[in-house]
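Q: Heads up: the sequence shown is residues 1 to 549, going by UniProt numbering.
Keep in mind that the hints were calculated from the coordinates and are not lab data.
There could be a bad hint or two in this list.
[Said to hold, decoys possible] For lysine to aspartate or glutamate, the following EDC-like pairs were computed, each having C-alpha atoms within a straight-line distance of at most 16 Å:
| id | residue 1 | residue 2 |
| --- | --- | --- |
| 1 | 74 | 46 |
| 2 | 413 | 542 |
| 3 | 177 | 131 |
| 4 | 421 | 535 |
| 5 | 177 | 155 |
| 6 | 117 | 178 |
| 7 | 89 | 155 |
| 8 | 494 | 347 |
| 9 | 106 | 155 |
| 10 | 283 | 303 |
[What the hints assert, rightly or not] Just the calculated beta-carbon pair ranges, DEER-fashion:
| id | residue 1 | residue 2 | range |
| --- | --- | --- | --- |
| 11 | 375 | 541 | 55 to 63 Å |
| 12 | 281 | 146 | 48 to 56 Å |
| 13 | 465 | 275 | 23 to 31 Å |
| 14 | 192 | 33 | 13 to 21 Å |
| 15 | 498 | 55 | 41 to 49 Å |
| 16 | 72 | 477 | 42 to 50 Å |
| 17 | 487 | 153 | 41 to 49 Å |
Glycine included, every Cβ here is placed at the ideal spot set by N, Cα and C.
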Amino acid sequence: MTEGGRILIVAEGDARSHDFHKTGVILRDILKEDEGFDAELVERMDAITPEKLGSFKACIFYAHGPVEGYSRGKLTAEQESLLMSFVKKGGGFVGIHCASIFKGNKNYLAMLGCEFKGHAPYQEFQVNIADRDSLVTKRLQDFSVSDELYFVDHDPAVHILATAFWQGKSQPMVYIKECGKGKVCYVALGHDGAALLHPSFRKIVGRAARFVTGFREDKTVSGAVIGYGGAFNMGKAHLDMMNAAGIKGIGACDLNARRMEVVKKDFPAITTYTDYKKMLKNKEIGLVSVITPHNTHAPIAMDCLAAGKSVVLEKPMCLTTKEATEMIRAAKKNGVMLSVFHNRRWDGDFLAIEEVVKKGMIGNIFHTEIFIGGYGHPGYWWRSDKKISGGALYDWGAHLIFWTLGLIPSGIKNVTGFFHKRVWHSVTVEDQTQAIIRFENGAYADIQVSSIAAIGKPRWRILGETGGITDEWGKGSFHMSSLIQGVRSESDIKYKPSFWNEYYVNVADHLMLGEKLEITAEKARRVIGVIEAAEKSSKTGEPAVVPYE
C-alpha cells in the first residue's frame, strides 16, 4: 500500500446509463483501502474550482458531458482551462469509462487522448494485456470481464497497455500518456459493479492512480528455497514461479548434496547450500520459501525471519497455532512478510465456485460438505508419520479448510472433530479425519479426509438460501441449481483455468509495489486453528473453540 496523497474523484452523469454514486463510492474505496490514498468523492462538476483542485495530486473522472436527454455535465471554459493547467503543471488525471464522452470540450479530449464513438452490447469479453512492463499492468494476466466494450478514436501517440477485439479490430481498453509535466491514464472499462469489482479492474485503477501521482517502482527482490526434494519437484516449481513473477531465484539449499547437483542442472547460475543458516547470510536474498516436512516449518521460518528475510511456507503453515503466532510476531518485529503457499486458492474449480457464490446465484451459504479420499494404504513416507506431518488433515485437508473458510464470510463459533485409526496400523497418520465447523452466522461445514472410504461422496455439496452446488472429482464442471425469484434453473458450469503462478505474482506485487497480500499469515493460522480444534474435540468428545477467532 502506498501513501500517495489526496485524489479528487468526480462522479456525475445521466443516471439512466450508470449508477454514478455507487461507482464513485467503489472507486473511493479502491483508492483508500487498496492503495492508501486520501480520496474525496464529489458528485457535481461544480466542485472543479481553483481552490478545490489545488489541494489534490490527481483527479479521477467517472463523469460525462451532455448526451441526448441530459443537458448537464459540459465543462465550462474556465473548468476546462483549469483542468488543462492542473495536468500540464504536473497533476495527474485518470479518465474512466464514460470520461471520454465530452463532445464540445475539445481541449479536454485532447488532454485525455481519446473521444467516445460508441459501444458494443453489454457482454463478456477478453481483455488482452499488451504491455506487462508498465506499472499499471505489471504482471497482469489477460482476463475476461462482463462490461460495455467502448469504441474510441484515440491519439496515436498514446501508449496502449491493454486491448479488446471487436469484429476483428483491436480497441484500446487501457492506455497512458503525458501532458506537459503531468501524466494521464484512460481506462475504458467500468460500466457497472461486475466490472468495477473485478480484481483486475481494481488493480488497474489503483495502479493508474499511482502512475499519475508519480509513483516509481524501483524495488527488486531476489529469492531462494530451502528444500529441493524429489517428491513432486516442488523446489523447482517454486523457483520457476518466483522467476516468472519477477523474483529472481538466486539460492537453493537442501541437506542432500546430490539434490544440489540437480539444482545446478535446473538453474546453472544459482548458488547452492547444504546449510540454510549460511544461505541466510547472503544479503541479496530477500525472500525465502521453505519447502520441507511440516514439523520443520516453524523453526526454519523463525531463523529466516530473524535474519530479516520475508518467508513463504509450503502449506500447511505449521503444526500448532502457538507456532503460527510466534512466527507472525517475529515477522512483524522484523518488518518482513510471512505468507503460506495456499496455491490452490487459484484452482480453476474453486475460482468458478467462488464466482458463482459472489454473484449471489445460490444465496447465502448455510451448509457445505467437502470430501477427498478413497480406500487404500496412505503409503510409507514422512506424510504418513503423524509426528512429522501432523496428521491427515494437515495435507489435503489444509486445502479443503482454506477453501471452506474463503466461501463463508463469518467467524468460527466452534469445531467438532472425529478422528479414526482403524485399519492402517503400519503407519501413524489417521485413517479418517472429519472436522465440522460451526460458524457464528449459523452456517456449518463438514470436511472429511479418508483413506478407508469404501464408498465416496461428491467433492463439494454446497447449499445456499436460493440454490446449491454439487461437484464430482474429475468432471471438469460442477452442477448448480438456482432458484432466483422462485424460478428453478439447472446449469453445468465449467471450471475456470487454474493460475498457480498468481500466488507468486501476488507476493511480488506485495513486496515490490506494496499491494495487498492475498494469503496472509493470519488466514493461514485459521486453518491450523481448525485442525487443532478438531483434534482436541475428537479426544474430548466436546466442541472446541478456535484460538484467535
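Q: Could you run down the list of hints and mark each one as holding or not?
A: So, going through the hints one by one against the coordinates:
1. For the suggested pair residue 74 and residue 46, the alpha carbons sit about 10 Å apart, so the restraint of at most 16 Å is met.
2. Taking the CA atoms of residue 413 and residue 542, the gap is near 13 Å; set against the 16 Å cutoff, the hint holds.
3. At roughly 14 Å between alpha-carbon atoms, residue 177 and residue 131 fall within 16 Å of each other, so this suggested pair holds.
4. About 13 Å separates the Cα atoms of residue 421 and residue 535, which keeps this hinted pair within 16 Å; it holds.
5. Of the pairs offered as hints, the one joining residue 177 and residue 155 holds, with about 9 Å between alpha carbons and a cut-off of 16 Å not exceeded.
6. This hinted pair does not check out: residue 117 and residue 178 have alpha carbons roughly 23 Å apart, beyond 16 Å.
7. Note on residue 89 and residue 155: the hinted pairing is violated, with a Cα-Cα distance of about 21 Å set against a maximum of 16 Å.
8. Only pairs whose Cα atoms come within 16 Å are accepted, and residue 494 paired with residue 347 is accepted, the gap being roughly 12 Å.
9. Distance hint between residue 106 and residue 155 is fulfilled; the C-alpha atoms sit about 13 Å from each other, no more than 16 Å.
10. With a CA separation close to 14 Å, the supplied pair residue 283 and residue 303 stays within the 16 Å bound.
11. At about 27 Å, the beta-carbon gap between residue 375 and residue 541 misses the expected band of 55 to 63 Å.
12. A beta carbon spacing of about 51 Å between residue 281 and residue 146 agrees with the range 48 to 56 Å that was offered as a hint.
13. Remark: the range hint 23 to 31 Å for residue 465 to residue 275 is contradicted by a beta-carbon distance near 56 Å.
14. At roughly 20 Å, the beta carbons of residue 192 and residue 33 sit within the given window of 13 to 21 Å.
15. One distance hint, 41 to 49 Å for the beta-carbon pair residue 498 and residue 55, holds here, with the actual separation near 46 Å.
16. Checked against the hint of 42 to 50 Å, the C-beta distance between residue 72 and residue 477 comes to roughly 48 Å, which is consistent with it.
17. Roughly 43 Å separates the CB atoms of residue 487 and residue 153, a value that falls within the hinted 41 to 49 Å.
Hints 6, 7, 11, 13 from the list above are not met by this structure, while the remaining hints are.
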